[in-house]
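A.B. asks: Order-wise, the sequence lines are chains A and B.
Read in the numbering used here, the first sequence has 36 at position 36, and its numbers run on one by one without any break.
Read in the numbering used here, the second sequence has 247 at position 247, and its numbers run on one by one without any break.
One should not assume that every hint holds.
[As the list claims (entries may be wrong)] Keeping only pairs whose Cα atoms sit at most 30 Å apart, straight-line, the calculated DSS-like set for lysine-lysine is: (1) A/K231 <-> B/K231; (2) A/K231 <-> B/K329; (3) B/K33 <-> A/K329; (4) A/K329 <-> B/K274; (5) B/K329 <-> A/K302.
[Unchecked claim] Now the stretches of chain B that chain A is said to cover, found in silico as 3 or more residues with beta-carbon under 8 Å: (6) 130 to 143; (7) 257 to 265; (8) 355 to 361.
[Stated by the list, open to error] Listed below are several chain A residues computed to face chain B (Cβ distance under 7 Å; list not exhaustive): (9) L3; (10) S11; (11) P30; (12) T49; (13) T61; (14) E65; (15) M116; (16) H154; (17) G157; (18) R216; (19) T237.
Just so you know, these hints were derived from the structure itself, not from any lab.
Using N, Cα and C, we set each Cβ at its ideal position, and we do this for glycine too.
Protein chains: 2
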Amino acid sequence: MRLLMIPGPASPDHRVLLAMSRRVINHRGPEFKRLLEEIQEKLKYVFQTKNPVVILTSSGTGGMEFAVGNVVGDGDVVLIPSMGFFCDRFARIVESYGGRVSWIPVEWGFPVKPDMVEEAFKKESNVKAILLVHNETSTGVLVRDLPEISRIAHEHGALVIVDAISSLGGIDLPVDRWGIDACVTGSQKCIAAPPGLALVSVSERFVEEAKRKKTRSLYFDLEAYLDYMEKGQTPYTPSVPLFYALDEALKMIVEEGLEARIRRHRKCSEAFYKAVEALGLEVYPREPEYRSVTVIAIKVPKGVEAEELRKVMSEKYGVVIGGGHGRLKGLIVRIGCMGNVSAYEVLATVNALESSLAELGYRIEEPGRALAEAGKAL
Amino acid sequence: MRLLMIPGPASPDHRVLLAMSRRVINHRGPEFKRLLEEIQEKLKYVFQTKNPVVILTSSGTGGMEFAVGNVVGDGDVVLIPSMGFFCDRFARIVESYGGRVSWIPVEWGFPVKPDMVEEAFKKESNVKAILLVHNETSTGVLVRDLPEISRIAHEHGALVIVDAISSLGGIDLPVDRWGIDACVTGSQKCIAAPPGLALVSVSERFVEEAKRKKTRSLYFDLEAYLDYMEKGQTPYTPSVPLFYALDEALKMIVEEGLEARIRRHRKCSEAFYKAVEALGLEVYPREPEYRSVTVIAIKVPKGVEAEELRKVMSEKYGVVIGGGHGRLKGLIVRIGCMGNVSAYEVLATVNALESSLAELGYRIEEPGRALAEAGKAL
Numbered sequence: 001m002r003l004l005m006i007p008g009p010a011s012p013d014h015r016v017l018l019a020m021s022r023r024v025i026n027h028r029g030p031e032f033k034r035l036l037e038e039i040q041e042k043l044k045y046v047f048q049t050k051n052p053v054v055i056l057t058s059s060g061t062g063g064m065e066f067a068v069g070n071v072v073g074d075g076d077v078v079l080i081p082s083m084g085f086f087c088d089r090f091a092r093i094v095e096s097y098g099g100r101v102s103w104i105p106v107e108w109g110f111p112v113k114p115d116m117v118e119e120a121f122k123k124e125s126n127v128k129a130i131l132l133v134h135n136e137t138s139t140g141v142l143v144r145d146l147p148e149i150s151r152i153a154h155e156h157g158a159l160v161i162v163d164a165i166s167s168l169g170g171i172d173l174p175v176d177r178w179g180i181d182a183c184v185t186g187s188q189k190c191i192a193a194p195p196g197l198a199l200v201s202v203s204e205r206f207v208e209e210a211k212r213k214k215t216r217s218l219y220f221d222l223e224a225y226l227d228y229m230e231k232g233q234t235p236y237t238p239s240v241p242l243f244y245a246l247d248e249a250l251k252m253i254v255e256e257g258l259e260a261r262i263r264r265h266r267k268c269s270e271a272f273y274k275a276v277e278a279l280g281l282e283v284y285p286r287e288p289e290y291r292s293v294t295v296i297a298i299k300v301p302k303g304v305e306a307e308e309l310r311k312v313m314s315e316k317y318g319v320v321i322g323g324g325h326g327r328l329k330g331l332i333v334r335i336g337c338m339g340n341v342s343a344y345e346v347l348a349t350v351n352a353l354e355s356s357l358a359e360l361g362y363r364i365e366e367p368g369r370a371l372a373e374a375g376k377a378l
Numbered sequence: 001m002r003l004l005m006i007p008g009p010a011s012p013d014h015r016v017l018l019a020m021s022r023r024v025i026n027h028r029g030p031e032f033k034r035l036l037e038e039i040q041e042k043l044k045y046v047f048q049t050k051n052p053v054v055i056l057t058s059s060g061t062g063g064m065e066f067a068v069g070n071v072v073g074d075g076d077v078v079l080i081p082s083m084g085f086f087c088d089r090f091a092r093i094v095e096s097y098g099g100r101v102s103w104i105p106v107e108w109g110f111p112v113k114p115d116m117v118e119e120a121f122k123k124e125s126n127v128k129a130i131l132l133v134h135n136e137t138s139t140g141v142l143v144r145d146l147p148e149i150s151r152i153a154h155e156h157g158a159l160v161i162v163d164a165i166s167s168l169g170g171i172d173l174p175v176d177r178w179g180i181d182a183c184v185t186g187s188q189k190c191i192a193a194p195p196g197l198a199l200v201s202v203s204e205r206f207v208e209e210a211k212r213k214k215t216r217s218l219y220f221d222l223e224a225y226l227d228y229m230e231k232g233q234t235p236y237t238p239s240v241p242l243f244y245a246l247d248e249a250l251k252m253i254v255e256e257g258l259e260a261r262i263r264r265h266r267k268c269s270e271a272f273y274k275a276v277e278a279l280g281l282e283v284y285p286r287e288p289e290y291r292s293v294t295v296i297a298i299k300v301p302k303g304v305e306a307e308e309l310r311k312v313m314s315e316k317y318g319v320v321i322g323g324g325h326g327r328l329k330g331l332i333v334r335i336g337c338m339g340n341v342s343a344y345e346v347l348a349t350v351n352a353l354e355s356s357l358a359e360l361g362y363r364i365e366e367p368g369r370a371l372a373e374a375g376k377a378l
């Protein structure tokens with residue numbers, strides 16, 4: 001058995017996995033309606049919102065396309081800070097829907113800051129929306145200034161669309177208080193349900209904008225989802241087992257409490273960062289306070305090959321971690337610190353990392369100190 | 001426990017449901033690659049094709065959008081026979097992608113015939129594609145002349161795109177032999193896996209056309225799926241548990257044998273039609289030879305309310321059947337005859353139908369004959 005420590009999907013609990021073995025029910029009947037209502041109530045708690053949360057049978061990318069395609073059309077100007085792979089994905093979606101991307105230049109490894117956003121709004125008028133990746137899974141950078149950035153965007157009349165795929169449920173993100181117009185997440189990251197559902201909260205203003213514009217996709221048409229939501233249905237056949245699993249995973253969040261869950265994520269990430277430091281490794285995000293809580297991105301030290309390191313960790317120590325995306329391939333490895341992550345996963349991963357590095361010729365100054373530091377932080 | 005006899009989702013076998021409780025694996029690793037290869041091999045068997053079958057994490061409608069959006073763009077003319085609700089859905093997708101729908105007028109309850117298609121091609125030149133719903137789930141009509149229609153379309157240089165969502169795996173549909181350029185199905189109907197995956201086979205010509213055209217959707221972009229397929233991956237996070245379930249459901253098809261499975265579907269539907277006749281009820285499709293094998297659409301007799309009938313069947317007899325879609329609401333009820341359907345489900349459903357009708361004041365000429373007729377046919 002291998003420990004899955006990639007930056008998502010997270011390993012769902014057995015309770016969640018077993019929920020999928022329940023019988024498939026009629027998705028146009030009263031039982032499914034009740035299930036949907038129960039899920040909706042818990043989603044509002046996790047999203048910290050009073051707005052509806054649309055559930056799509058798709059991966060997180062489908063949720064991003066939904067959030068963009070319903071409001072962005074031909075010629076619309078959209079601001080995107082260039083912080084990593086998933087910012088680029090946002091841009092490709094904007095362009096495929098006819099919008100124009102106005103980049104806010106940000107060096108990879110750094111977050112976008114409020115002054116950069118202020119600057120960007122000075123250069124562009126009539127900005128339809130700003131698209132922000134809250135937690136860049138590809139670089140391990142967290143945009144901590146999201147509330148301030150959201151305020152600036154609203155002052156300029158722009159919608160705030162946030163990709164919180166690898167943060168929501170593990171990092172505090174009060175959607176309503178921060179004024180997020182559309183917040184996208186996936187079932188498979190901090191919520192720790194299996195992959196296959198995208199979840200998108202939509203503000204009143206987002207809904208109004210969407211109604212004014214006719215989106216090009218039928219599958220991702222917001223109006224259809226809202227119409228059917230009133231009947232306790234989805235417009236197209238939902239993946240019933242994934243809805244069971246999501247419901248169970250959300251129950252676990254309610255039982256733990258959102259605050260406690262966020263604290264647990266923070267504590268586990270602190271343990272990881274302490275261990276990384278003790279190993280003499282460098283973290284990829286350049287500014288410590290903007291390091292992600294859920295994705296630990298580590299530079300591969302000189303003399304060690306990233307793929308070799310991942311292979312030894314997986315095959316010899318049974319711990320599967322992620323590599324670098326795109327231009328970071330070979331330069332970094334990434335550890336997922338999300339979902340049900342606990343001391344057990346952190347310590348097993350740190351141990352596997354240290355042992356594998358040593359095996360590949362990397363010199364550990366003080367063997368065992370990484371584990372000790374992680375243990376202390378936990 | 002209720003018996004789910006709606007026209008899909010079908011009830012997956014326990015083997016299939018339990019497959020989803022396996023641990024989630026890294027979707028960028030070697031284990032997932034093997035899983036994908038094994039699924040692909042079996043899909044080719046079920047689709048009777050040598051072409052790749054793309055797997056989307058979405059409902060069947062996502063598969064329809066994929067099949068249209070990758071080849072139909074601004075101003076493209078597309079022929080669609082107007083046979084029911086899902087033909088209309090195809091049309092909405094075409095229009096949302098900028099195409100122009102040229103309807104082949106067909107009365108609901110009837111199938112499109114080769115001469116109508118021939119006629120339509122005379123009226124329109126430069127037809128990009130014909131979109132056919134093989135088995136109209138909303139009316140219970142099966143387009144038996146698909147091979148002939150496909151031949152005519154190809155003679156006129158048009159692509160043949162088929163929605164086989166409620167037929168593939170239960171009704172014979174040799175994709176390559178009949179020259180289908182894109183054949184769409186869902187995981188949850190005759191394949192009897194849970195809902196959440198759309199499966200689309202793509203011919204060489206379809207791929208070429210798609211490459212010439214840049215689709216507007218990122219999530220449904222064929223090229224991305226084909227590129228990643230070569231690496232044994234999907235471009236966006238796949239719903240791993242649904243892939244496990246699909247693999248298990250396909251194993252069951254291989255074990256049974258596709259031919260035997262098709263025979264079983266036919267026999268069960270014959271039993272249903274015999275029973276319906278014995279009850280003195282009318283089948284909705286007007287021509288007996290074009291009645292669907294997987295969806296039994298029955299006119300609700302005078303004096304009985306469709307919703308009342310469904311309610312009694314479900315609450316008193318534990319058998320859940322479907323109602324009518326759109327303009328057929330209240331006029332018909334629909335029984336799913338797909339997936340793992342066997343004598344057990346047929347007889348239980350016939351019994352529930354007869355008893356419920358009697359309870360609602362419908363006069364049964366010879367009580368018990370429907371069951372006897374169904375039993376004989378089985």
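A.B. asks: Now tell me if each hint is right for this structure.
C.D. replies: Cross-check of the supplied hints:
no., hint, verdict
1, A/K231 <-> B/K231, "violated (42 Å)"
2, A/K231 <-> B/K329, "holds (16 Å)"
3, B/K33 <-> A/K329, "holds (20 Å)"
4, A/K329 <-> B/K274, "violated (63 Å)"
5, B/K329 <-> A/K302, "violated (68 Å)"
6, 130 to 143, "violated (count 0)"
7, 257 to 265, "violated (count 0)"
8, 355 to 361, "violated (count 0)"
9, L3, "violated (10 Å)"
10, S11, "holds (6 Å)"
11, P30, "violated (9 Å)"
12, T49, "violated (24 Å)"
13, T61, "holds (4 Å)"
14, E65, "holds (5 Å)"
15, M116, "violated (26 Å)"
16, H154, "violated (27 Å)"
17, G157, "violated (26 Å)"
18, R216, "holds (5 Å)"
19, T237, "holds (4 Å)"
Hint compliance for this structure: hints 1, 4, 5, 6, 7, 8, 9, 11, 12, 15, 16, 17 are not met, and every other hint is.
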